[in-house]
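Undergrad: What follows is the residue order along each chain.
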Amino acid sequence: MTAQSSLNTQTGDTPLLQLKGVSKSFPGVKALDNVDLDVNAGEVHALLGENGAGKSTLMKVLAGIYHPDEGEIRIEGTPVRMQKPMDAKHMGVLLIHQELSLVPDLSVAENVFLGSLPKRSGLFVNNRELHERCGAILKRLNCRFKSNIPVKHLSVANQQMVEIARALVFTPKVVIFDEPTASLTDYEKVVLFEVIRELKSQGTGIVYISHRMDEIFELSDRITVLRDGQYRGTFATRDTDEEEVTKRMIGRDLESLAEVESPEPGERIIEVHQLGIEGEFRDISFDVHAGEVVGMYGLVGAGRTQVVETLFGIRKPERGTIRIRDELVHLSSPADAIEHGLALVPENRKEQGLVLGMNCRDNTSLPNLAEYTRMGWIDTAKETEVFERYQEQLQIKTPGWYQATLNLSGGNQQKVVIGKWLSTQPSVLILDEPTRGIDVGSKAEIHQLIRDLAKSGLAVIVVSSEMPEILTVSDRILALYNGTLTRVFKRAEITEDDLIRAITGQSADAASEPVASGA
Amino acid sequence: MKASLPMSNSSTVATDNRKRVLQFLGKHGILLAFLLCMMIFSLTTDRFLSTGNLLTVLMQVSILGTIALGVTFVVIGGNLDLSVGSLLSFATVLVVDLHDKVGPTQAIVLTIVFTLIIGAINGTLVGYLKLNSLIVTLGMLSAIQGITLIYTSGQNVDIQDQENTWFAFFGREAIFGIPVPAIIFIGLAIILQVVLLKTAFGRKVFAIGGNGVAAAFSGIYRNRMVFSTYLLSAFTTACAAIILGSRVMGSQNNVGQGYELQVLAGVILGGTSLLGGSGSIMRTVIGILILGFIQNGLLLLGYPYYAQWLVTWVVIILAVWLDIAAKRGRLLNDF
Ligand SMILES: Nc1ncnc2c1ncn2[C@@H]1O[C@H](COP(=O)(O)OP(=O)(O)OP(=O)(O)O)[C@@H](O)[C@H]1O
Ligand SMILES: [Mg+2]
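Order-wise, the sequence lines are chains A and B. Residue numbering for the first sequence follows numbering that gives the first Met the number 0, starting at 0 and increasing by one per position. Residue numbering for the second sequence follows numbering that gives the first Met the number 0, starting at 0 and increasing by one per position.
These are computed hints drawn from the structure, not numbers from a lab. All figures in this text were calculated on a predicted structure; none of them were measured in a lab. Positions of the beta carbon are idealized from the N, C-alpha and C atoms, including for glycine. Possibly wrong hints are sitting among the right ones.
Here are the simulated SDA-like pairs of lysine to any residue, each with C-alpha atoms no more than 20 Å apart in a straight line [claimed, not checked]:
hint, chain 1, residue 1, chain 2, residue 2
1, A, Lys-188, A, Glu-128
2, A, Lys-19, A, Asn-125
3, B, Lys-197, A, Gly-91
4, A, Lys-315, B, Lys-197
5, B, Lys-197, A, Tyr-371
6, B, Lys-197, A, Trp-376
Listing some non-contacts, in silico: residues in chain B with all C-beta distances to chain A over 12 Å [stated by the list, open to error]:
hint, residue
7, Leu-109
8, Asp-160
9, Leu-196
10, Tyr-220
11, Arg-221
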């Protein structure tokens, strides 16, 4: 038995945090079934499991958001009751949410200090102190935005950094990071890891949830695996390897992607010429052929999302042209784009991807309602059938089509968004961070699916911040830097070094387009 | 396996039970309230449960109810419509005044057209210009009142030959003993419930109210949809005006005063969320009936008619509180 449930680093000490026999059910789902977890002071404890395995639920129990049906929580050996999120906070447990939980209209500083705003004479917010302290925290995090702007104006990555900044306001005993890096690029990730190491050296216990194995093995001391809501063992990171924990987690060996042969590209489906929007991006020219996957890679702020949103009719291009099958088109709305066979799996599933209060089936048919409608009347049987087809194909874990997407785990929500857009049977499929929050097993399957879709004649554009993902799925890669296209790589000629140089604007290659500095 | 430690369980169970009760009340509270109010009034008065009285109530709420049907769509779409009160005055004055001038058919058609134009203005301002619906429709409330007063020069209007016009059909006649206003109300309710639940239009209204951005990303024209919901509420208001005009055969130029709040009360009482994205026509009907029964019951009990205003307010606060309480119960789970 590899599982060692009492592998205390400091022998004899009671663990900082102990969860014992925790169970929690939702209607139709047993999310947690008798789960144990303990975290020591100064330890990074990774929590691993497939989408819907119960990781976030367990952490919400710990943070007082859910009440467990059974089980016990001890902090420093004392049993505690968490009735509400405030209790957890007072006991020094801080949860950095998987889904952003910021107040969009409040400033960065107000969000960071929410619940502990510095006061003057106990009544008025001391704005000077607030912004000074917040500024210092942002500096530690290497964030380059001001503390007084509303968070709704920040990119998703920067919002995540704001969320993380909350961990530095006071020194909590336990900090839980629920997929903090899902929307960060390598640059911010390095900063985050420094923060985590610093917290760790101060004796904070850290629970770290991620679907990225490299991070888990870089950061953690121990790994606990959950599968279908059940405890599947705890491993010392140095005594185990990716293969073993993956197998524990998905119950089988991970299949690697069938070797990609770049097929002969078919007809040119979409051609973009000198596309530009002032202050966002300029001179973007590329094309995508049937059967081809084109990756778009760059840092946050490089303009990738803006480019694909423009293709999808969400933003209005100021310059340049878009042709679909050699026909000049003006896409002035997503409806136009859908009409022309485009589909966009957007960057932010909660805000752009799903109507959270609606059930899985209704979300799936939304972009394509006309297909299901006879004289205004919706054929619900057909809707159910289509959703269930994609549920099967994408392995969406839910009790049924009637479940509100609100109640799905993060990764399963993402799968519903992907299914929704596949169901429109597009000829150009654009995916913006398609596997954000998706577990390793499903990720490999989605990569395979993307390749298969291309093979069947779709033109696919994939935006991703993950280099391995981009390298795995793309036939060609567009490198973006600061709103310009710095270089186009063919699959055969890519090296990681060149790619990094291209997206940071240090294009050594004289043949590629010159990069204007500043702008 | 391990014995689970029930240490913190008792209190957890207690809060969970409380949560469950609140959720249940939030979900079905409206029906309970409905039954409760039927019971109280049938026990305390002997006329309440008579067919005659029930039909009277149905008849009395039909005007309010018909308007509420359209407003339900607006609210599910995430907006408010407070202009319906004075829109009702306007449309009633118009249909009554035009009846003698151009004949009943033309009067009806013209009234519907003019009412729809006002709905279209609301819809344009809120849908296309994205102005706040509260401000727009509150402004429209007083604007229309002004227009109505200008139109009538402050006079009341009425129909001269009240005995010999088929226009009386909408408000004064009955089919198989059921008053036509009630038939119109219930008929429209059934049609609109089907539209809401079974058609692409209804689905899209839910989508824009639930998450406008995601709806837009799915190719739904949010502006058009919002516009249509205002057209719909203008239309049902026109229908209500025709019933009212036909029943009274005349109109004061402020007959609809205060209707906007009563309508909203019925909608909220039915459990349609003011945040948009959820709601149902059937429940709005029940909400409206509750209001009607309360008002009727109070009259039967001999309270002065203005007592109903206070009681209505209390009922609304209760409904909103239950809605919020149920959401809080759920929120703990939904984070
Ligand atoms: N409020 C809820 N109501 C109903 N079911 C829920 C609720 N919250 C979670 N679930 C279900 O519980 C299970 C566990 O969900 P959880 O969010 O903990 O998964 P997770 O391990 O965090 O997955 P992911 O990696 O996708 O984030 C899922 O099947 C989910 O659908
Ligand atoms: Mg999760």
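Undergrad: Next step is simple, just say for each hint if it's right about the structure.
TA: Now the hints, each set against the structure:
no.	hint	in the structure
1	A:Lys-188 - A:Glu-128	violated, 28 Å
2	A:Lys-19 - A:Asn-125	violated, 42 Å
3	B:Lys-197 - A:Gly-91	violated, 50 Å
4	A:Lys-315 - B:Lys-197	violated, 34 Å
5	B:Lys-197 - A:Tyr-371	holds, 11 Å
6	B:Lys-197 - A:Trp-376	holds, 6 Å
7	Leu-109	holds, 28 Å
8	Asp-160	holds, 41 Å
9	Leu-196	violated, 9 Å
10	Tyr-220	violated, 6 Å
11	Arg-221	violated, 10 Å
Checked against the numbered hints given earlier, the structure breaks hints 1, 2, 3, 4, 9, 10, 11 and satisfies all the rest.
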